[in-house]
Each structure stands twice: as C-alpha cells, then as structure tokens.
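**Q** As a plain string of letters, each chain reads:
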Amino acid sequence: MSEAASIYSVDKVLLVAIRDNITDTDIINLQEELSERIVSQKARGVVIDIAALEIVDTFVGRILAQLSAISRLLAAETYIVGMRPAVAMTLVELDMDLAGSRTALSLSHALRALKAKGLA
Amino acid sequence: MNRPPGEPAARVELCRERDLAAARLAVSKLLDAMGARALRKTRFVTAVSEIARNALDHGGGGTLEVWQLARPARIRVLCRDAGPGIADLELALTDGFSTARSMGKGLGGARRLVDEFRIESRPGGGTTVEMVSKL
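Protein sequences, first through last, are from chains H and F.
Going by this note's numbering, the first sequence opens with residue 1, and the numbers climb by one from there.
Going by this note's numbering, the second sequence opens with residue 1001, and the numbers climb by one from there.
Any given hint might turn out to be false.
Stated by the list, open to error - Straight-line distance between alpha carbons at most 16 Å, and here's what the computed EDC-like set of lysine to aspartate or glutamate pairs gives: (1) F:Lys1134 with F:Glu1013; (2) F:Lys1029 with H:Glu77; (3) H:Lys117 with H:Glu77; (4) H:Lys115 with H:Glu77; (5) F:Lys1029 with H:Glu54; (6) F:Lys1134 with F:Glu1120.
Claimed, not checked - Some, not all, of what chain H presents toward chain F, calculated at C-beta under 10 Å: (7) Tyr8; (8) Val10; (9) Lys12; (10) Leu15; (11) Ile22; (12) Thr23; (13) Asp26; (14) Arg37; (15) Ile70; (16) Leu73; (17) Thr90; (18) Leu91; (19) Glu93.
Everything labelled a hint here was simulated from the structure, so no lab data went into it.
Glycine included, each C-beta is placed from N, C-alpha and C at the ideal position.
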C-alpha cells in the first residue's frame, strides 16, 4: 500500500484515511486493496475520511462513488466522512452529488451509526 | 490567447501524475497569499485539477502557468499541451462526453467553477485553456 492512504481495522470496521497528495494511481490501488480487505477481514462497515482533501475533482469523486458501490456489493456499509463545506458545494456544481454514498460529519458519527445497526 | 505582461508567479510542468498535485499546490499557495476566500479557492483549484489532468491524459503532458492579476485582484491560469487537440469543443464541454476514464464532467465542470473560461484547440495543434477567477 502506498503512503497516500492508510487502512486501519477496528473490530469489523475498516477506517481509511486519504492523504492530500494522493495520486490517481494511488487511489485506484486503494480501491483494489480495500475491496480485498473487506472480504478477508469480513468487514461490515467502511469509513473513508476525506478531511485531508482540499479538493475533490470529478476523478476522485467518481472513485469515491465506486468505493461505496463496491463495498455495498461486498455487504459492507460505507460512510464518507470529513468532507469540507466548500468541497460539498463544489461537488454539487460539478453535478456529482455522490447519491449512492452515505456520508457522516465525522468518524465518531459514522461509528455511532454503524454501531446502531449492529455493524460495528 | 495573450500572455499578460511579466513572468508568471508559478510554472508547473505536467509530465507525470505527481505533477497534478504540484499544480494544485502551486495554485492553492498563490490563492492563500492573495487572501482568496475558502470557497473561491476550492472551486478554482478543483477547476485547475480538471484541466491539468486533461492536459496530462489527453494532451500527453503540458505546462501550467499561474498569474496574479491586479485591479481587480484575480488569479489567472494558462494550461497548454501539444497533444492531438479536441475536434469538437462544444461536444467536449458537454457533461457526459468522455474519451477516457472520467465521467465526462471535467471540462464542462471546470468552466462552471471559474469566472472566465477560454479554450483553443485545433486537431493536431494542441489545446490551451485559460481560466480567471476573482478572489
């Protein structure tokens, strides 16, 4: 795994922290590694923290949407957390509302939601 | 497109993926130094990311230059590549048009995120994109 993102495992939840200098190749590799970890660790929840991302462009937005879709197919619920307000406003203008992705304001909000559903 | 007088505040060669992050950082730093508002900055840096990626993916690499404009204070970016060019610009600016791995929202999206957007392209003659934004 590259240094541009780290995956931590806590109980049945995989926590992914994306760093700001992530490249296109890094994020595609992350998609592959995360999919494999969901299955090998039988994760029921995934939390992707994008607080470090100053911007989310159409490429990264598309990958985030795909990460959520892949996790859903692998029976893990995914939350994208830490989105900056300006990023949310810009994504809507790009017509990328990540409609298929769950979001939460913070990691603790996401974990609470996963616990409430018995997934963490 | 005319070059403004003087040297650009920053110039980034776009040859590899890493250079996209360098381009975003150069523009972000200048906007910070110019005292741009958070939303303005996010919008402009996102637009820069889209056109820089286009230059790299479709244009085979290029050059991105950043200028600070005065009266009124604005930021200006010029992104040039020497790639195959875009045959139908109107089509390329339409959401949903894509020849590569994007969703086809990049170029049209970049245009919506800035105050001024100009693009010049000829088949075989490369593509130049100019974007200007207030702070």
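**Q** Against chain F, with CB atoms and a cut of 10 Å, does the hint on H:Glu93 hold up?
**A** holds, 6 Å
**Q** With a cut-off of 10 Å, does the beta carbon of H:Thr90 approach a beta carbon of chain F closely enough for the hint to hold?
**A** Hint holds; H:Thr90 Cβ to chain F Cβ min 5 Å, cut 10 Å.
**Q** Hinted pair, alpha-carbon criterion (16 Å max): F:Lys1029, H:Glu77. Please report holds or violated.
**A** violated, 37 Å
**Q** Identify whether the interface hint at H:Leu73 stands, where standing means a beta carbon of chain F within less than 10 Å of its own.
**A** violated, 20 Å
**Q** Can we keep the H:Tyr8 interface hint, with Cβ of chain F closer than 10 Å?
**A** violated, 23 Å
**Q** Tell me if the straight-line CA distance from H:Lys115 to H:Glu77 falls inside 16 Å.
**A** Cα-Cα ~11 Å, so holds.
**Q** Quick one, are F:Lys1029 and H:Glu54 close enough, alpha carbons at most 16 Å?
**A** Within the cut-off at roughly 12 Å; holds.
**Q** Is it true that the CA of F:Lys1134 sits at most 16 Å from the CA of F:Glu1120?
**A** At roughly 22 Å apart (the allowed maximum being 16 Å), F:Glu1120 and F:Lys1134 break the hint.
**Q** Holds or violated: F:Lys1134 and F:Glu1013, Cα atoms, limit 16 Å.
**A** Given that 16 Å is the threshold and the Cα spacing comes to 24 Å, the pair is violated.
**Q** Under 10 Å, Cβ to Cβ, is where H:Ile22 needs to be relative to chain F, so tell me if that hint holds or is violated.
**A** H:Ile22 check passes; min Cβ-Cβ to chain F is 8 Å, inside 10 Å.
**Q** Hint check: is the beta carbon of H:Val10 less than 10 Å from a beta carbon of chain F?
**A** violated, 29 Å
**Q** Does H:Thr23 pass the interface check with chain F, least Cβ-Cβ distance below 10 Å?
**A** Constraint on H:Thr23 satisfied, holds at 4 Å.
In terms of the numbered hints stated before, the structure departs from hints 1, 2, 6, 7, 8, 9, 10, 14, 15 and 16, listed from lowest to highest.
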